[in-house]
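*Asks:* Protein sequence lines, in the order shown, are assigned to chains A and B. The first sequence runs 16 to 186 under the working numbering. The second sequence runs -17 to 533 under the working numbering.
These are calculated hints, taken from the structure and not from any lab test. Here the structure is a predicted model, which means the values were calculated and not measured. Quick reminder that beta carbons are idealized off the backbone N, C-alpha and C, glycines included. Hints are supplied without guarantee of correctness; some may be wrong.
[Claimed, not checked] Coverage of chain A stretches by chain B, computed from C-beta distances (three or more under 8 Å per stretch; other residues unrestricted):
| # | stretch |
| --- | --- |
| 1 | 84 to 98 |
| 2 | 153 to 159 |
| 3 | 170 to 176 |
Listed here are the chains, written in short residue letters.
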Amino acid sequence: MPLVKDGRIAADSFAHVGESAELPGDGAILVSAARFFDDPEATLKHNGKLGVIWPNNRDIDDLVPYLGRLAAVALVFPSFRDGRAYSQARLLRERHGFTGELRATGQVLRDQFLFMLRAGFDVFDVRKDGDAVAFAATASRYSVFYQPTGDGRVTALHRRMQLRRQEMARP
Amino acid sequence: MYAYDEIDRTLIDERVSEFRDQVKRRLSGELTEDEFKMLRLQNGVYLQLHAYMLRVAIPYGTLSSKQLRVLARIARRYDRGYGHFTTRQNIQFNWIKLAELPDALAELAEVDIHAMQTSGNNMRNVTSDQWAGVAPGEVEDPRIWSEILRQHTTLHPEFSFLPRKFKIAITASAHDRAAIKVHDIGLRLRKNAEGETGFEVLVGGGLGRTPFIARTIKPFVHGRDILSYVEAILRVYNQYGRRDNIYKARIKILVHELGIEVFAREVEDEWRQMRGSALMLDDSMIEEIRSRFFYPAYEKLPHMPDELKKAAHDPHFEAWRRNSVFTHKVQGYSIATLSLKPVGGPPGDATADQMEAIADLAEKYSFGEIRVGHEQNLVLPHVARRDLPALWKALDKIGVATPNVNLVSDIIACPGLDYCSLANARSIPIAQELTRRFADHDTANLIGRLHINISGCINACGHHHVGHIGILGVEKNDEEFYQITIGGRADEEARIGALIGPAVPYGEVADVIEDIVEAYLALRVRPDELFVDTVKRLGVEPFRERVYATR
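Isolated chain B, as found in the complex:
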């Protein structure tokens, strides 16, 4: 965990007071809605179909139990008793009243949480691997750098009115859980030949109307130069990114139109003139940030404690353990994923009661720490293996132990037409229906790893392009239709999925998905050939033939 100091705290208090003043001026009519809109967006406030929505940042996905309790309280006091975790390590509250927003933000500020730049054309919440700091084999904890970037990007005087939103993600593991290749800037921590820390810098990834996978712009930027390098990218983008068309304003379009080589040269020219500036980090500065991250005092524990041996006889526990428990870098500990994808439930939602119970369990079993992943699940990052059986019982009781992590019913979905004013079609009911179709755990296990991502419109908040199966809601003659893609992925081998056939109406989506899965089971050469690998090997055609033969 990163511990805020008085300096960080003062800034978010000042931000709350500024926003309170802005809301007051809006309510008095001093600010027009047009002027207020960008101001509220910069503070995470959207106007949705039914009410204002507040999007709160959970920087690099790390939360304390104390913070989670306050999120629960906000859900209960200002919302309807639940919150929605998003694909970018944010939580959204869907029913907040404008006049109450400053109070809600003030309560969040008391536990060092803010909603700054969770929306608007600025640098958004910096995201990272939800296993940061605990994953075996990590280069180093990417949250140190995430925090350095969080601070640097917060209320940046030059880059708060960019052509469009700007997202940065960081990973330090070979297996990318932060989806860095679909971000405006993706940073992969690595060491150079001298053993110094730096980054491979990728640029121009993004989904939306025109999806692109990020390209490497520089294979190694030294850690001390990372702020100046990022600033050079932003400066080129701020001046030359398109502002004439909202759909062409992301940096991916600039990179695409200029070509990666020309863009890289522009950035290099800019960077050469500023790399020696006050942005250069020295070791003591990095150490200053690092020193305010605290780590659990792990005990020396056995890998296979008696409690675990005994519980192995319970098939339900075993099903959960095999599915949701992952290797920790410290012996005797595990990383446990809490599924927010119950059968029939909306993906990523947690009730206030659940959040409070999880906060208690984190205190009891995970050194008071919780993580949020881009797959819209929660994680307890430091669970002693001897505690797994007791933890499982408690998680099961509150409905977050569905053993479907990374399986077909672990669906990513945006809020869709049920909430969102941009959506063309519903997402949540599609996800709910699919979780019911694939509710049988043995079947899901037989299918193996399979990510279904659903977006209710082309803006792609549900990351449909990079779902192993992607579902995109569109509107056709006032009816909800869905385009289905296969073969996408968001990890280190990120790629955009390919369309499998004509769009299908709402009522047929689940049938089509079942047929795609059936086709996969027939086409795979071995049980451990993953869906996405079968698509890669065979292409879309054999799937199309099977699925659309009778349609």
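For reference, chain A alone in the conformation it holds in the complex:
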């Protein structure tokens, strides 16, 4: 499965550690939430970047105390029709100020890239090669956004207000 990071296909620097596999001595790793909560403090001592795969039916609040020490959070779309992780992503970014890597995993398809970007995802475990190749084109398909989110894209309403102020400033 191709990984898209910073808008381009990239190698995955994180190793996925299975439920019962031993933690490697170092290197960037992604562990499940269950695995993480077996012993959070011990896991956080890992020598290397640590990311947690967070299920979409568990309150993100449980993870909040550890966010500052996590390099990545991977949220899950078991099906692209299940949109719970969009709320989790916005909460992580906009309410809890998480600045690490926010990864979309599961059924990650082209037609949801933009929604995911707007919700705060910046790394994508893309299902299909063709979708990964089309990432940049898809992400720039829209130039108008009605809702303010944490991604900083200027909303239609704010653009209108800017235009209006410019008009009024004109002699």
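Since the structure of chain A is provided, determine the placement of chain B on it from the hints.
*Replies:* Quick look at chain B alone, frame taken from chain A:
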């Protein structure tokens, strides 16, 4: 009317181009049907019994004559020459080919019309009172707020994959014509003690398999906070709404399972953390949207012009005027309802020819504006009273002046088994038969206000639960049967109708309805006690006794 600017226009053009690409990928096999299904649904495209169906949004029911002409052209060019107006201020075209859909959408986009989110598990077309802006006594024009919400809900990055569909309706009048109590969120515009505009917010209404009347979650939310409050509701729903069972996925079930108090607390907690965010509206933002609504330059006209006095001698005109013409907030003007319920016709259908003629008449007599109501009729909202006789003649000629508005033959019906792949039974032929049974205008007038709503299956698109008489098609041993309820209503006193007796076969429905009406005429205490009030006073039992005594 709201005038799109380049920003709004760019967005729908971008949407059409995206959908064109999605259709191309589907046709080439790059997208599976399962992947494509949700994408097409989000653009209003259903796969029905015979063909693809396109559902086009008419936000808060406002159309220009130019837009109506394009709808007519779509009906003629891509469909079979007609369209069907729905209970949620949409129009449906039933015979569109998948490969032609992007072109049809591009033509609609040229006149600022789209089909975004008329289907799918997202926030649907925001609906409102078809008399918005012209009804006497309104708090303020609810379309300003409807438009603010339309924009906010369009392609929302967080709420495009909700547990289930989500519908918002807004009213600003004491008499609710937008059926807000059967919506996921109902908003009633009101002023607080300081004279500031805000909303009573209701939540958890809905029909379908498990009908609920919406409950008030907050008596007053200030206008500047409405987006953050709605977003708080949606966020709670998106995270905690059930996704394990499609029939339990609507917000009404979450509200019911948690209880309104717990749900309200969850929303309040969420809202407190986000109300000061970028979602807060300041006056200049509201003013920006308001400034792009334009209103007719009304003339100073007499209430009783000569033309009207003269026409009063024509009983046919008078019958129509009394039935279909309503008081406008400006003296000398009227609101005229155009009945899309001709005797023997399918409710809510209009032909391309009719749509074009209505567009012409709107230009001539209604400042180029048309409205669509949830009762599946059209409205010309600004008719000078002196023009009523001439307008009536023209409407009569094209078959939309049947004087049956709000009467027994003004039936709401879903497309039913004639079109719909979900239906268990036919709706349209039942409606057609009933309009023939009650074709006599004097009889209908004697009966008075009576809403019959028909759904061809439990999904309740025909709003049967809230019909004064509700008819629900079910399947029994491969035969069409119909359950009949009485006493429902969709207005400010909304309630769910009660079952009157065992389901009856297709062939007996019209007889039963006639018997119910007969029972009502015998049971009412005064001619002006409405059907629904008689049911409220007496309950179902006396009706059951009379109707089922011989069955």
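*Asks:* For every hint, state whether the structure bears it out.
*Replies:* Tested hints:
no. : hint       : result
1   : 84 to 98   : holds (count 4)
2   : 153 to 159 : holds (count 4)
3   : 170 to 176 : holds (count 6)
Violated hints: none; the structure is consistent with every hint.
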